[in-house]
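Chains as they are written, first to last, in my numbering: chain R, 1 to 139; chain C, 1001 to 1139; chain Y, 2001 to 2139.
Simulated from the structure, these hints should not be mistaken for lab results.
Among these hints, one or two may not hold up.
[Claimed, not checked] Calculated lysine-lysine pairs in the BS3-like style (CA-CA distance at most 27 angstroms, straight line): (1) K27(R) <-> K2006(Y); (2) K2110(Y) <-> K2(R); (3) K110(R) <-> K27(R); (4) K2006(Y) <-> K1027(C); (5) K110(R) <-> K2027(Y); (6) K1130(C) <-> K1027(C); (7) K1110(C) <-> K1027(C); (8) K2027(Y) <-> K2006(Y); (9) K2(R) <-> K2002(Y); (10) K2006(Y) <-> K2110(Y); (11) K1002(C) <-> K2002(Y); (12) K2(R) <-> K1006(C); (13) K2002(Y) <-> K1110(C); (14) K110(R) <-> K1027(C); (15) K1110(C) <-> K1002(C); (16) K110(R) <-> K2(R); (17) K1110(C) <-> K2027(Y); (18) K6(R) <-> K27(R); (19) K1110(C) <-> K6(R); (20) K1002(C) <-> K1027(C); (21) K1130(C) <-> K1006(C); (22) K27(R) <-> K2(R).
The model shown is predicted, which means the values in this text are computed figures rather than measured ones.
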Amino acid sequence: MKSYRKELWFNIQTRRSFVNITPEVEKCLRDSVVQEGLVLVNAMHISASVFINDDESGLHHDFEQFLERLVPHEPIGQYRHNDTGEDNADAHIKRQIMGREAVIAITGGKLDFGPWEQIFYGEFDGGRRKRVLVKIIGE
Amino acid sequence: MKSYRKELWFNIQTRRSFVNITPEVEKCLRDSVVQEGLVLVNAMHISASVFINDDESGLHHDFEQFLERLVPHEPIGQYRHNDTGEDNADAHIKRQIMGREAVIAITGGKLDFGPWEQIFYGEFDGGRRKRVLVKIIGE
Amino acid sequence: MKSYRKELWFNIQTRRSFVNITPEVEKCLRDSVVQEGLVLVNAMHISASVFINDDESGLHHDFEQFLERLVPHEPIGQYRHNDTGEDNADAHIKRQIMGREAVIAITGGKLDFGPWEQIFYGEFDGGRRKRVLVKIIGE
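Could you put together the complete structure from these sequences and hints?
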């Protein structure tokens, strides 16, 4: 069994953003030379997500509106987590809705994807350096 | 390490539906002859889900009501994704809530499940042929 | 390829609770002696979750408030699942939002975690014995 590990680093300047990381994960897969197996891609921070959906800017706007309507950032004082001096309770909850990780099949050395599947990093508390882990196992 | 891959095809005529696919995944597992490992089951389309819950029609009604209340299909014009000519922005968001994939342990050649766990395909934008991927790795 | 399996048992007396199970999963990993691979940690019951977030009591209060506002336990009669004699339809829906499982990379014999990642069992229908599955594969 082969294994491969890489960290992808981000420094998103806005509070929230969605970044297509499919090319970076594909590069990891090529470097791993794994032909059959699984890729785990996960946020290493608990106020960020990795998820698979469509690379369409209108949809990303809809995600943003949906999440902010459901779990508004402000007023900050509505969340007990923010009593600790943080202001990112909403980001922790938004990340639960969007998910921490994606597990993707590897077949014939490629990400085994449907026609529109793309991998996104979802930032909900930007302004600092944060990481995504890519772990590949297989043969 | 063994690996196995199969696509399950669906053509749901209603917009939304939940289909129990546990027997099909169990058949894949038997065909793979893997005894110890992991099964990944994921929607290959970004307006559909794979998830694990109870096979009870009242609960499926409750899921439907919950999702439609939270992310209504209509009016279509409330979503920027639908400015592209699509009408399925709600389906992309519903799939995020219900999840893309399930990862299931294989122990002794069986799905290692609790007493009520069943695997479902969740369709949120039916009316055409769509696929689920079953990928098995192990020994 | 090595594989390892263990069930963790819980008997939460309140209806809802979040329990940090990171030490138990770390013990499983040591017992497995796997150095490179993946850990799957999943609720074996469909009214409970396994998820990764922050071990901060204010945040757990915020999760509880968010989930109960979105999917209130009462009135019980608002859910068709509860027509079966159950009163836990809300727990099945809450578990969908928080997720069934976490998949975690193993690197150098350790859980490959960011600085604040902790694994939680989320109980949404307590008062009886329930289980979490830990399955490890790798080398």
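Evaluated hints:
Between K27(R) and K2006(Y) the alpha-carbon distance is near 35 angstroms, which puts this suggested pair outside the 27 angstroms criterion. At most 27 angstroms may separate the alpha-carbon atoms for a hinted pair to count; K2110(Y) and K2(R) meet this at roughly 17 angstroms. Distance hint between K110(R) and K27(R) is fulfilled; the C-alpha atoms sit about 10 angstroms from each other, no more than 27 angstroms. Taking the CA atoms of K2006(Y) and K1027(C), the gap is about 25 angstroms. The hint holds against a cut of 27 angstroms.
Among the hinted pairs, K110(R) with K2027(Y) is inconsistent with the structure: their alpha-carbon atoms are about 34 angstroms apart, more than 27 angstroms. Under the criterion of a C-alpha separation no larger than 27 angstroms, the hint pairing K1130(C) with K1027(C) is consistent with the structure, at around 20 angstroms. Taken as a hint, the K1110(C) and K1027(C) pair is honoured in the structure, with Cα atoms around 10 angstroms apart against an allowance of 27 angstroms. Restraint check: the Cα-Cα separation between K2027(Y) and K2006(Y) comes to about 10 angstroms, which is no more than 27 angstroms; the hinted pair holds.
Proposed proximity of K2(R) and K2002(Y) is supported: the alpha carbons are some 13 angstroms apart, at most 27 angstroms. As the CA atoms of K2006(Y) and K2110(Y) are separated by approximately 17 angstroms, the hinted pair is consistent with the 27 angstroms bound. Distance check on the hinted pair: K1002(C) and K2002(Y) sit about 13 angstroms apart at the alpha-carbon level, within 27 angstroms; holds. Among the hinted pairs, K2(R) with K1006(C) is consistent with the structure: their alpha-carbon atoms are about 23 angstroms apart, no more than 27 angstroms.
For a cut-off of 27 angstroms, the pair hint linking K2002(Y) to K1110(C) stands: about 17 angstroms separates their Cα positions. Distance restraint check for K110(R) and K1027(C): the Cα-Cα separation of roughly 25 angstroms lies within the 27 angstroms cut-off, and the hinted pair is therefore satisfied. For the suggested pair K1110(C) and K1002(C), the alpha carbons sit about 15 angstroms apart, so the restraint of at most 27 angstroms is met. Proposed proximity of K110(R) and K2(R) is supported: the alpha carbons are some 15 angstroms apart, at most 27 angstroms.
Taken as a hint, the K1110(C) and K2027(Y) pair is honoured in the structure, with Cα atoms around 25 angstroms apart against an allowance of 27 angstroms. For the suggested pair K6(R) and K27(R), the alpha carbons sit about 10 angstroms apart, so the restraint of at most 27 angstroms is met. Distance hint between K1110(C) and K6(R) is unfulfilled; the C-alpha atoms sit about 32 angstroms from each other, more than 27 angstroms. Under the criterion of a C-alpha separation no larger than 27 angstroms, the hint pairing K1002(C) with K1027(C) is consistent with the structure, at around 16 angstroms.
With a CA separation close to 13 angstroms, the supplied pair K1130(C) and K1006(C) stays within the 27 angstroms bound. For the proposed pair K27(R) and K2(R), the alpha carbon gap of about 16 angstroms is at most 27 angstroms, so the pair holds.
Comparing the model with each numbered hint stated earlier shows that hints 1, 5 and 19 do not hold.
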